Every structure is written in structure tokens, then in C-alpha cells.
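With chain A fixed as given, assemble chain B onto it according to the hints.
Each chain, letter by letter, is given below.
2 protein chains.
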Amino acid sequence: MEKLMKRSLGAKTLAQPAPLWIIGSYDEAGKPNAMAVAWGGICCSQPPCVAVSLREERHSYAAILNRRAFTISVPSARHAEQADYLGIASGKDGDKFAATGLTPVRSDVVDAPYVGEFPLILECTLLRTVSLGMHIQFVGQVVDVKADEDVLDASGYPDSAKVRPIIFTPVTRTYHTVGDYLGQAFQIGQVFAPKS
Amino acid sequence: MEKLMKRSLGAKTLAQPAPLWIIGSYDEAGKPNAMAVAWGGICCSQPPCVAVSLREERHSYAAILNRRAFTISVPSARHAEQADYLGIASGKDGDKFAATGLTPVRSDVVDAPYVGEFPLILECTLLRTVSLGMHIQFVGQVVDVKADEDVLDASGYPDSAKVRPIIFTPVTRTYHTVGDYLGQAFQIGQVFAPKS
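Chains A and B, in that order, give the protein sequences. Those letters in the first sequence? Residues 1 to 196, by the numbering used here. Those letters in the second sequence? Residues 1 to 196, by the numbering used here.
Note that these hints are calculated values from the structure, not bench results. Predicted model, so just to flag it, every value in this text is computed and none were measured. Mixed in with the good hints there might be a few duds.
The list makes no distinction among identical chains, and a pair is therefore deemed to hold if it is satisfied within one copy or across any two copies.
[Said to hold, decoys possible] Result set (DSS-like, lysine-lysine): computed pairs, CA atoms no more than 30 angstroms apart in a straight line:
(1) LYS162 x LYS92
(2) LYS92 x LYS31
(3) LYS195 x LYS162
(4) LYS6 x LYS31
(5) LYS92 x LYS195
(6) LYS31 x LYS195
(7) LYS6 x LYS162
(8) LYS12 x LYS195
(9) LYS6 x LYS195
(10) LYS12 x LYS162
Next up, chain A with everything else stripped away, as it sits in the complex (with noise of 0.2 angstroms):
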């Protein structure tokens, strides 16, 4: 049985999907800074949050802390460069909305920056810290969500196919994008629901 031939691979932080996400926010010097992590997803529907996890050595981490903000820029596919080198720089070396180009944007509602060319922004209040070990898990609670009108479907929300966000993957490090439509939640697997 196939099953049964599953190879263990350890204690490992293997989940997949991960998102590649953009974290915006104001060092002490009021400089923007955008960050790029993985370690991260929804977390309440309300009040809506999302969790983002960061080291505390990251240039980004007191940035947080001390605004009580952070924003949340999604990438698009075409993004994938500019957003991989916002992982590996830190904003403590230099400038890198400077050095990809990019436009950082101040939110008219949280106190911090989001990337004006990535096609979807969640700006965040932050709501708490949660110590894990060698992440901490810092929870927004959303305050606005702004986006793109080319990346909106009929109903005005965001259409995946439109955004094109990035997929990362632990360990073997490679990006993709979404690919191939598998249809609506909560109506696929009505096929399995008893007959009544």
C-alpha cells in the first residue's frame, strides 16, 4: 500500500504552501524598510489578523515594535527578483526600495509603508507578540486592505489568477506562482455529502 511508504524526514518546518510576503514598516529613523518573509498566514477571521514571524536580529523587528504597525505587500509573480532581494539585503546596509526600485507608499492608516508596485497591501495594527523560540510571531490585526483594480474580480475582490502570488518552499528554496484553477471551496466536495 502505498501509504504506508511515506519516508520520515525528520523534525522539519515542511508545510507547504508558503507565502513569499513583503513586510513594510518605519525604522527609528523613519527610514522604510521592506522585508521579505514566508513564515507566516492568516490567523482569525475576527478580528481579522494575520501572523507574520521574524527574527530578532532583523533590522525589521524593533521597526514593529515600536509603531505598533506593519504592513503586508503581496508580490506578484513578475515581482519574484525585486521580492527575493528584499530577503536577502538588510535595511540596516542601505536603502532597498533604492536599490530594487521600488516605491514606498506611507498608509493612510497604520504607521508604516507598503510597496506601491505590489498589486495587494494589508496594513496592520499590531495586536501581539507571541515568543516561539528563534521566530516570534508578531499578529496584526487588518486595519485596511487596498489593491489593485486590474488584480479585482466582478465582486471587487482579489482574484489569485490576477495576483499571481508567490509560493515558497521550505528547504528546497524555489518560488512558484498559482497555476491551475481546482475549482470552489465548500462546493467541490459536495459530491460526498450523504444522499438525503
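Showing chain B alone in chain A's frame:
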């Protein structure tokens, strides 16, 4: 300027991409249960941790608290209908494994079952819970990962082009799988590094 044309969509959990994961647990009667979640992500490298969020009324909620363990089974694109059903029906009302023809397999390292047919499994002990509002976040420490041999790459780790995990998009409620390969993380961004 295109970046000034963003539309405000309000305080909503519109982050992309979100995973479609199946949480496995044993209920009080010892019955294996499987439930679909999309609110979750990796949250710490050391110890390796993943977080998933559940509502208190879910059948899995008490089950995970009682046994202090759960699994994450990552469905492949070909399992989209089964996985979706695991988010439609409740284990309070019936045996979702039986309804979908999926096989509960007892983990050899934690007190929880996983879905035998799904290619990638994370086996977790409950490290802590974080009450956020409508959802409670369960932080699991990864004790082991198990994967089907045929989804591993040459280095022995899960290749997302072979796993083909399912991406859930909030509000539009669509499922997609992974698509085009975009490049290697921590490499493709080097094009923006200062010339030394």
C-alpha cells in the same frame, strides 16, 4: 501613477496565498477526525512550529486540546474534492474518512491520525494556544514529517511541483494549485546586490 489607483477593500483577511491543510485528531471516543483549515502557516524555525487556527465550536478543537497533538496532512491537487468535503462536513455528524474513502493512519510519534493518501504529513504536539477572537491559534511543534517517496526531489525533500499543494483564496473561495517555477530563493534577487 498606477500605485495611487489602489482600491480600499476594508478590514478583511484577504491575504494570498493561503494553504488548504487537513488537521487530523482523535476525538474523545477515539474516532479519527479530519478537518480542513486555511488559516495557518509556519511560525518558527527552531523549534520547528506551524500554527493553525480553529473556532471553538469545531469538533477538532476539544480533540486537539485533550490529546495535545494534531497532524497536518497536505492534500495534492488531485485530492481537492475530498479535502473540500473535510471543510464542509463536521465530524460531529459522521465519519468523514468513510464518506470520502480516505484512510486514517495512526501517527507513530504523536497521538493523532493523518490522511494516508495525502503526500506530505506534519506530525505535531500542541506547544501552545493563542486566543485571538473568533479563532484560537494552535501552535504545533513539528515532531516528524513524512512524505511519499514520489514527491521528493533529488535531495530528498518535498518538491512542490510534485506535491502540488492546494492554495485557497479568501473571499473568492477558489482553489488553485502551484504553477510556474519562478526561480531559487536567495538567488534570483542577487541581481540587485551592490556591485563590489
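Okay, the hints, checked on the actual structure:
no.: 1; hint: LYS162 x LYS92; in the structure: neither (34 angstroms within a copy, 38 angstroms between copies)
no.: 2; hint: LYS92 x LYS31; in the structure: within (10 angstroms within a copy, 52 angstroms between copies)
no.: 3; hint: LYS195 x LYS162; in the structure: neither (37 angstroms within a copy, 34 angstroms between copies)
no.: 4; hint: LYS6 x LYS31; in the structure: between (49 angstroms within a copy, 23 angstroms between copies)
no.: 5; hint: LYS92 x LYS195; in the structure: between (61 angstroms within a copy, 18 angstroms between copies)
no.: 6; hint: LYS31 x LYS195; in the structure: between (60 angstroms within a copy, 23 angstroms between copies)
no.: 7; hint: LYS6 x LYS162; in the structure: between (36 angstroms within a copy, 14 angstroms between copies)
no.: 8; hint: LYS12 x LYS195; in the structure: neither (41 angstroms within a copy, 35 angstroms between copies)
no.: 9; hint: LYS6 x LYS195; in the structure: neither (34 angstroms within a copy, 46 angstroms between copies)
no.: 10; hint: LYS12 x LYS162; in the structure: between (32 angstroms within a copy, 19 angstroms between copies)
Of the numbered hints listed earlier, those contradicted by the structure are 1, 3, 8 and 9.
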